[in-house]
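Colleague: Start from chain A and add chains B and C according to the hints.
Top line first, the protein sequences correspond to chains A, B and C. Sequential numbering of the first sequence, starting at 1, is according to my numbering. Sequential numbering of the second sequence, starting at 1, is according to my numbering. Sequential numbering of the third sequence, starting at 1, is according to my numbering.
Just to be clear, a hint being listed does not mean it is correct.
From the derived model, a few chain A residues whose C-beta atoms are all more than 10 angstroms from chain C [claimed, not checked]:
| # | residue |
| --- | --- |
| 1 | Trp-209 |
| 2 | Glu-232 |
| 3 | Asp-302 |
| 4 | Lys-500 |
For lysine-lysine, the following DSBU-like pairs were computed, each having C-alpha atoms within a straight-line distance of at most 35 angstroms [as the list claims (entries may be wrong)]:
| # | chain 1 | residue 1 | chain 2 | residue 2 |
| --- | --- | --- | --- | --- |
| 5 | C | Lys-127 | B | Lys-188 |
| 6 | A | Lys-368 | B | Lys-41 |
| 7 | A | Lys-408 | A | Lys-440 |
| 8 | B | Lys-41 | A | Lys-333 |
| 9 | A | Lys-174 | A | Lys-139 |
| 10 | C | Lys-129 | B | Lys-188 |
| 11 | A | Lys-117 | A | Lys-139 |
| 12 | C | Lys-165 | B | Lys-43 |
| 13 | B | Lys-43 | A | Lys-339 |
| 14 | C | Lys-132 | B | Lys-188 |
| 15 | A | Lys-335 | B | Lys-134 |
| 16 | A | Lys-408 | A | Lys-432 |
| 17 | C | Lys-129 | C | Lys-215 |
| 18 | A | Lys-174 | C | Lys-54 |
| 19 | C | Lys-215 | C | Lys-132 |
Facing chain B, according to a computed beta carbon distance under 10 angstroms, are these residues of chain A, among others [what the hints assert, rightly or not]:
| # | residue |
| --- | --- |
| 20 | Ala-229 |
| 21 | Lys-234 |
| 22 | Asp-247 |
| 23 | Gly-253 |
| 24 | Ser-355 |
| 25 | Asp-362 |
| 26 | Ala-364 |
| 27 | Val-366 |
| 28 | Gly-382 |
I should point out that these hints are in silico values taken from the structure, not numbers from a laboratory. Note that the structure is a prediction, hence the values are computed from the model and not measured. Where a beta carbon is used, it is the ideal one built from N, C-alpha and C, also for glycine.
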Amino acid sequence: MKRKILFLVTLSMILALCGCKGGKSEGEQSSTQRDSIVVGIQNNLDSLDPHVAAAAGTKEVLFNLFEGLVKPDEKGELIPAVASDYKVSEDGKTYTFTLREGVKFHNGDVVTAEDVKYSIERSAGMIEGETVLEISAFKNIESVNVVDASTVDVVLKAADTELISFMTVAIIPKNYEKQETSPVGTGPFKFVSNTYNQNFVMERFDDYWGNKPYLKTVTFKIVGSASTAVTELKSGAIDIYPYMSVDLANQLGSNTYVVSGNTNLVQALFLNNKVEPFNNVDVRIALNYAVDKQGIMDMLSDGEGTAIGSGLFPGFGKYYKDCSDVHSFNVEKAKEHLKKAGYEDGFTFTVRVPSNYQYHMDTALVIKDMLADVNVNMEIEGIEWATWLEDVYMGRNFDATIVGIDAKLAPKDMMVRYTSEGGKNFVNFASKEYDELYEKAIATTNEDEKVDYYHQMQDILANEAASVFIQDPSMLVAINSELEGYTFYPVYVQDMSVVKFKD
Amino acid sequence: MNKKKINFVLAIGIILTAFFVTIAIVSVFYTPCDPYDMSFKEKFLEPSGKHLMGTDNFGRDIFSRVMVAVKNSLVISGSAILISFIIGTFVGSITGYYGGIIDEILMRINDALASIPSILTAMVFVALMDKSQKTLIIALIVAFIPSFARVSRSQVIALKNRDFVKSAKLSGASNFRIIFKHILPNGKSALVTGLSVGFNNAILAEASLSFLGLGIQPPDPSIGSLLSEAQMYVATAPYYVVFPAIVMVLMVVGVVMIGEGYGKN
Amino acid sequence: MNFKFLVKKIITSLVTLFLLATVTFFIFEIIPGNVVLTKLGTEATKESIEAMEKLYGLDKSLADRYIQFILGLFTGDFGISYSTNLPVSSMINNCLPVTINLAIISLVLVVVVSVPLGLFFGLISSKKKNAKKVFAIDVTNQTFMSIPPFVIGIVISLFFGLTLKWFVPGYVADINTDFTGFLWCLVPAAVSVAIPKIAMMIRFIRTSVADEMEKNYVRLARSKGMSEVRVLFLHVLKNVLITNVTALSVVVVEIFAGSVVIEQVFSLNGMGRLLIASISGRDYKVVSAIVMYVGIVVILTNLLVDILYAIVDKRTVSADE
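Isolated chain A, as found in the complex (with noise of 0.2 angstroms):
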């Protein structure tokens, strides 16, 4: 017996060895404590510096952590923040910005004019040797100057009344090296720490200069599977989960409630518009046809979102035009147009989805079912976040895949992904009309000009299927009971600044 346990000492301690080279891990934060929370996300950030992250997942994060000159409220409209005011000189190429007084980073610097230009500068890609993503819009910018020690003059090449939009975009300190790892921002909270496929910390930022957050710990955790969220909402390791399906929010026990509001994202099955068969117009049509939208909310959501047939979503107001039935759920028509295109036997392709979203991976299996009745066999991949970003998303090596898109609040921001030349053009929607219409519809000042420009852009997508829209999701938030202040953004985001215990 004592050579047993002796092998068992050993081996425990070899065993042990190896662990205490493990070193540190995080840990997360009890659930109990009445100040902090943790939050279900579904991927690994894919950057935390907010020049450079790309995902719609990462944003939502990122929103507390950094603001703009203006950001969004919960009705869609820009409020100041970084920014006390701004002007718009009256040929709509000046913008005018005065920094309001005592706005600290959370290392404790105060804002100056200075960081303001870096910001823009740097978003706009004007600075050498920094790798960000661009964003096209500020590709009109002539210059960023500093007039005074509050005061910052963008100038345009031409003038662009969207503008103010994307001066959403994170104000950070110059000088500051640290960004992807230990990020910087004026938020209402601070970071604290990311681990990879764990989770990301942040408290509260004390120095905040706007209404500070009620809660003083919030940890974004990295949830496997929505089985798995599930699991950890019942059983209070998590408090909230901001992506449910219905039939997931139904396993909920009475320790959870659910609130339902739009995603503000661009559901679509997204189909390459240069590979095989996809660059024929007829073929894509033919998918348009085939998919029955409400079909697929039935299944997945009770009914509920809002079927889209273009490239933006209701909650771009007066430019959104409603297309949905351009191409309405018809089978016949579906196998004409194939028939046309010479597929009347059908195809093979193959739709690279992200496997951690549920319900886009929901999504692609009844849509999966739904063409095989016009003889289209779809099959279907489920990959990693980070292999979609590198593969689809930027290196467009895909046949068709199934994602939510999210936009700033400007309609340029989402049309621009569907212009020839544009980075952001992943589908490869190539149609000289469109890019015409683009150019007149950013160059403009007359609103309604703009808004007429906008709505013949989306018949083109809609009329040309530049991909198989399907809707404006309804999401499903799974909220531990003892909160309250959960607020839906006309962005996609997640702000946990207005979340509190309920007294």
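Modeller: Frame of chain A, contents of chains B and C only:
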């Protein structure tokens, strides 16, 4: 232990396995409902005469899906284990018989591969290729070769100096004939036990990989992927998780019992 | 045991490790596709490609990279991850505490439960009149051996977690501030991994106890009027345990395999979850590093068991004589 009881274990094993094999074969030609057909109106129906195991979150018939899942599991693990058994036994017995430096090298490599749990080896191969049924089979083949090579090699080494081998040699039989006609049949019992253990492990590995989303891709069902889907809806549709779980256990019990019963014979 | 034996065993283990590393390295070398190009996408420039190749060490020759990888076995340096740009070793080290502690708890559970039960059942089965009971025990064992850990995990988290609320599924205490709490949080997962292995060990031990009880020295002791229990503890126990030490090394391997899956069920941040994320994300450096970590643990365990076995086996032989 008396003879009657031994047969009893073997009999249960054979009956269970035969039952599932039958289901698998039938599923190719007939399932009560289309296992892929979705229907919004038939979501989460409780088990009934029409849907013996109820329906899932897409209104698909779980019973039909379980049938196809059994087929997929058996086809994948069965074909994988058969191929790796043939390759492993061939390599193991040849090198064991001839010995020498090649035997030493191959067995070292074999040991190296065997030092990784077979599910991990399989996962590495999924990483190398795309996620598909073909990949899954290849991954399982590679993962299980080492264990078969090891078993057959030790059998051949143990038996190669026996008298019946010597007499076969004297009568002029070729080495090949000696290995496959004389030695291996004598190590049959160990080989069959190895095969049943391997088959059992392959079923579990396939289920685990599919459970993790690394195996069969939706909408194709496998017992593992059914369980991972069902897990989400357990509060409102407990039958969804219960039936596949029972089927999974019975399937493995059947195979294990065959090995057991045979081994005791 | 002599010195020669020890040296031989150690060298064999090192050779095995070296071969494993070589196979692993080259397997991941032959795969097609250029990581850098995929990562940079359409906006790749010559400079950015070169910079990234340098970051990942891809600018070095194949031979250099191979040497680097082999050296990594001893230094723990496996380069920079493709998906996170973090050092692979730090990513793995973050996950190690969960996996290692999970394995230790499972192993302890297996031993603590299976040894007494195995002995007890062994005693029962050594009597002819108990044949039916033995059959029942075997069938039960067989069933538990056949249940995959993830199925047990689902049942445990539903029943004990959500219904009885004995623990909070998904919650793990901070290892630094509350180590005991951290260990408790791993217990449900450890139980799921351990149950099939407990069944397996019980079976091994039961059979060897039954075999042992048939041996002459036991009959002799019995005929001298020694009680059943005394015989068991004075003579049988030692031999049985020695026979089953090797089986334990199999259990260690399978515990690691089981925890890969179980971590997903209980959303524990161990190597299993990292591995799955890395496989789906095609982060080959992390995958190959994890393969090597597991390989090292398994090879070390086997080496230890061989050595221990050699020590005790010799004494058993002499004791029997």
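Colleague: Hints first: check each against the structure and report whether it holds.
Modeller: Here is how each hint holds up against the structure:
No Cβ of chain C comes within 10 angstroms of the Cβ of Trp-209 of chain A; the nearest lies about 32 angstroms off, and the non-interface call holds. Separation of Glu-232 of chain A from chain C is inadequate, the least Cβ-Cβ distance of about 4 angstroms not exceeding the 10 angstroms criterion. The beta carbon of Asp-302 of chain A sits about 24 angstroms from the closest Cβ of chain C, which is more than 10 angstroms, so the claim that it is off the interface holds. For Lys-500 of chain A, the non-interface assignment is confirmed: its Cβ lies about 22 angstroms from the closest Cβ of chain C, beyond the 10 angstroms cut-off.
Straight-line distance between C-alpha atoms of Lys-127 of chain C and Lys-188 of chain B comes to about 31 angstroms, which keeps the hinted pair within the 35 angstroms bound. Annotation: proposed proximity of Lys-368 of chain A to Lys-41 of chain B holds, straight-line Cα distance about 18 angstroms (limit 35 angstroms). For the suggested pair Lys-408 of chain A and Lys-440 of chain A, the alpha carbons sit about 20 angstroms apart, so the restraint of at most 35 angstroms is met. Of the pairs offered as hints, the one joining Lys-41 of chain B and Lys-333 of chain A holds, with about 25 angstroms between alpha carbons and a cut-off of 35 angstroms not exceeded.
Note on Lys-174 of chain A and Lys-139 of chain A: the hinted pairing holds, with a Cα-Cα distance of about 21 angstroms set against a maximum of 35 angstroms. Only pairs whose Cα atoms come within 35 angstroms are accepted, and Lys-129 of chain C paired with Lys-188 of chain B is accepted, the gap being roughly 32 angstroms. At most 35 angstroms may separate the alpha-carbon atoms for a hinted pair to count; Lys-117 of chain A and Lys-139 of chain A meet this at roughly 15 angstroms. Only pairs whose Cα atoms come within 35 angstroms are accepted, and Lys-165 of chain C paired with Lys-43 of chain B is accepted, the gap being roughly 30 angstroms.
Using a Cα cut-off of 35 angstroms, the hinted pair Lys-43 of chain B and Lys-339 of chain A holds, with the two alpha carbons roughly 34 angstroms apart. With a C-alpha separation of about 29 angstroms, the suggested pairing of Lys-132 of chain C with Lys-188 of chain B holds against the 35 angstroms cut-off. Annotation: proposed proximity of Lys-335 of chain A to Lys-134 of chain B holds, straight-line Cα distance about 32 angstroms (limit 35 angstroms). Note on Lys-408 of chain A and Lys-432 of chain A: the hinted pairing holds, with a Cα-Cα distance of about 25 angstroms set against a maximum of 35 angstroms.
Between the alpha carbons of Lys-129 of chain C and Lys-215 of chain C the distance comes to roughly 19 angstroms, so the proposed pair stays at or under 35 angstroms and holds. Distance restraint check for Lys-174 of chain A and Lys-54 of chain C: the Cα-Cα separation of roughly 27 angstroms lies within the 35 angstroms cut-off, and the hinted pair is therefore satisfied. For a cut-off of 35 angstroms, the pair hint linking Lys-215 of chain C to Lys-132 of chain C stands: about 23 angstroms separates their Cα positions. Interface hint at Ala-229 of chain A: satisfied, since its Cβ lies 9 angstroms from the closest Cβ of chain B, which is below the 10 angstroms cut-off.
Given hint, Lys-234 of chain A at the interface with chain B, holds; its Cβ is 8 angstroms from that chain's nearest Cβ, closer than 10 angstroms. For Asp-247 of chain A, the interface hint holds, since its Cβ comes within 10 angstroms of a Cβ in chain B; the closest pair sits about 5 angstroms apart. At its closest, the beta carbon of Gly-253 of chain A sits 8 angstroms from a beta carbon of chain B; the interface hint therefore holds under the 10 angstroms criterion. Because the beta carbon of Ser-355 of chain A sits about 6 angstroms from the nearest beta carbon in chain B, less than 10 angstroms, this interface hint is met.
Satisfaction of the interface hint for Asp-362 of chain A is found here, the shortest Cβ-Cβ separation to chain B being roughly 8 angstroms, below the 10 angstroms cut-off. Annotation: Ala-364 of chain A was flagged as interfacial toward chain B, and the flag holds, the nearest CB pair being 8 angstroms apart, inside 10 angstroms. This hint holds: Val-366 of chain A has a C-beta 6 angstroms from the nearest C-beta of chain B, less than the 10 angstroms allowed. Hint status for Gly-382 of chain A: holds, given a least beta-carbon distance of 6 angstroms to chain B, under 10 angstroms.
Hint 2 alone, counting from the list given before, is not met by this structure.
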